[in-house]
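Student: Here are the chains, one letter per residue:
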Amino acid sequence: MQRRNFLKIASGVALALLVNPIRALAALWNQSAFEAIKINDAKANLGIVQEMPSNDIDLVAPDRAENGAIVQIEITSRIPNTEAISVLVENNPTALIAHFVFSNGALPQLVTRIKMADTSDIKVIVKAGGAYFSATKNVVVLENGCG
Amino acid sequence: MDNIKMRAKLTGDNILGITEVKMIMNHLMETGRKKDDFGQLIPAYFIQMVTAKLNDKIVLEMQWGTGISKNPYLTFYLKGASLNDRISVNWVDNLGKTGNGEIMVLAA
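Those sequence lines, one after another, are chains S and F.
Each residue of the first sequence is one higher than the one before, starting from 1 at the first, in the working numbering.
Each residue of the second sequence is one higher than the one before, starting from 1 at the first, in the working numbering.
Calculated directly from the structure, the hints in this document are not laboratory data.
All C-beta atoms, glycine included, are put in the ideal place defined by N, C-alpha and C.
Do not rely on the hints blindly, as some may be mistaken.
[Claimed, not checked] Derived Cβ-Cβ restraints for the label pairs, each shown as a range: (1) F:N84 x S:P62: 32 to 40 Å; (2) F:Y45 x S:N55: 34 to 42 Å; (3) F:L16 x S:V49: 32 to 40 Å.
[As the list claims (entries may be wrong)] Subject to a maximum C-alpha distance of 25 Å in a straight line, what follows is the list of computed DMTMM-like cross-link-like pairs (lysine to aspartate or glutamate): (4) F:K34 x S:D118; (5) F:K5 x F:E61; (6) F:K9 x S:D118; (7) F:K53 x F:D13.
Bound-form chain S, shown alone (with noise of 0.2 Å):
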């Protein structure tokens, strides 16, 4: 590359990166997985080969929801070297709900509230090792939480 094209370039980054930090940051968010509809396109966008179901998971949800704006569910992963768990709900507009990265000694366990538009399994992939463990747990919902 030529001296004057990489200064061009190089200066464009950086001015972007000046004018709008926030989104070179956002771009790091998976908008694929995120917007994807059924729970096996949002598991592909997230490199999600071929998941395991596994005891060693813990998810506790309610097993009826009256409001579906919010249900409380707590996860965790006693499966070693943990290193990031997702949340997806299959019946929801769009199934994934978040994701998790684990470093420098948090424990793979948290509680959240999340959505659910409708009566639908909650599945939990948890990342340990390169390979993918999985939990899921049945939740009737009584009001629609997606609006």
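Given the coordinates of chain S, assemble chain F onto it according to the supplied hints.
Tutor: What follows is chain F alone, placed relative to chain S:
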């Protein structure tokens, strides 16, 4: 910037104990599919990325979609923290707005 309400409690010894970090963020988390009273779609407005740090080390990186409930709530757990360590959280939403919060680790 919107503040995040946070609490961090260490059970057991420094470093060896477990710190429970709880937080609640102030955000509408609109899906983009809801209509207002005039039948107009309310545009999507939701937190996309959240980063939690212990002192200056990243411990938890999160990507969220529209399926996280309004005013997001999260508890996570940490090993390796000591009393008075600093836990900080930053978020960025789809409109580029940011929020942050910071708390010291206290004894449970």
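Student: Enumerate the violated hints, using their earlier numbering and listing them in ascending order.
Tutor: 6
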